[in-house]
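Can you build the whole structure from these sequences, using the hints too?
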Amino acid sequence: RKEVEQDPGPFNVPEGATVAFNCTYSNSASQSFFWYRQDCRKEPKLLMSVYSSGNEDGRFTAQLNRASQYISLLIRDSKLSDSATYLCVVKQDYGGSQGNLIFGKGTKLSVKP
Amino acid sequence: DTAVSQTPKYLVTQMGNDKSIKCEQNLGHDTMYWYKQDSKKFLKIMFSYNNKELIINETVPNRFSPKSPDKAHLNLHINSLELGDSAVYFCASSQGGAGEKLFFGSGTQLSVL
Chain A
2 RKEVEQDPGP FNVPEGATVA FNCTYSNSAS QSFFWYRQDC RKEPKLLMSV YSSGNEDGRF
62 TAQLNRASQY ISLLIRDSKL SDSATYLCVV KQDYGGSQGN LIFGKGTKLS VKP
Chain B
10 DTAVSQTPKY LVTQMGNDKS IKCEQNLGHD TMYWYKQDSK KFLKIMFSYN NKELIINETV
70 PNRFSPKSPD KAHLNLHINS LELGDSAVYF CASSQGGAGE KLFFGSGTQL SVL
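Quick mapping for you: the protein sequence lines, in order, are chains A and B. Count along the first sequence starting at 1, add 1, and that's the number in the numbering used here. Count along the second sequence starting at 1, add 9, and that's the number in the numbering used here.
Quick caveat, the hints were computed from the structure, so don't treat them as lab data. All clues stand as given, with none of them false.
So the derived list for chain B, only partly shown, Cβ under 7 Å to chain A, looks like this: (1) Phe51; (2) Ile54; (3) Gly116.
In this text, a Cβ means the ideal position worked out from N, Cα and C, and glycines have one as well.
Here it is in structure tokens:
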């Protein structure tokens, strides 16, 4: 099983739609989780951290399910500018690579007019 | 002002050559990284330096040698380039220890012919 798995998509949605991405991780001891956003031919940028209680930032909601080892990202009222690849990131909290961030391959979102 | 800057943006070279990529951050961060993103868009850590000291060295051929002259700079030197080295290389930095919020440079697209 890969350390961090995501559906690569693409997710093609109309403007205004609500879309959700899931991500699963293999190491049950992982403690820190993040969503990064990467635009085409650009560098990744932190979108939001994922807290155990779930957290919201405007139209974006992130949730963590430790029992099932998955993280979700919900985007409401999609905008054209939301089109990007969304990377699920898990902090590796064990072994010789203490604190290493493990990136998923990303889920591509395309928002259409 | 660019927070994390890396040069060059594009690098096209022949197999067997030696090349370097430079990275500088003006954020005052303690930790710097090199990541590789291959053609499948998989972003993987190569090295991590904290205050000029190597703290993470993932399974990377020893043809790759990072150099950190001071905590604001982390350069990557690659010897005897191979076709499989073609990828986008991202420099990044973070405050505090490894795994904190990453700020990425804009990437260097390396093409080995």
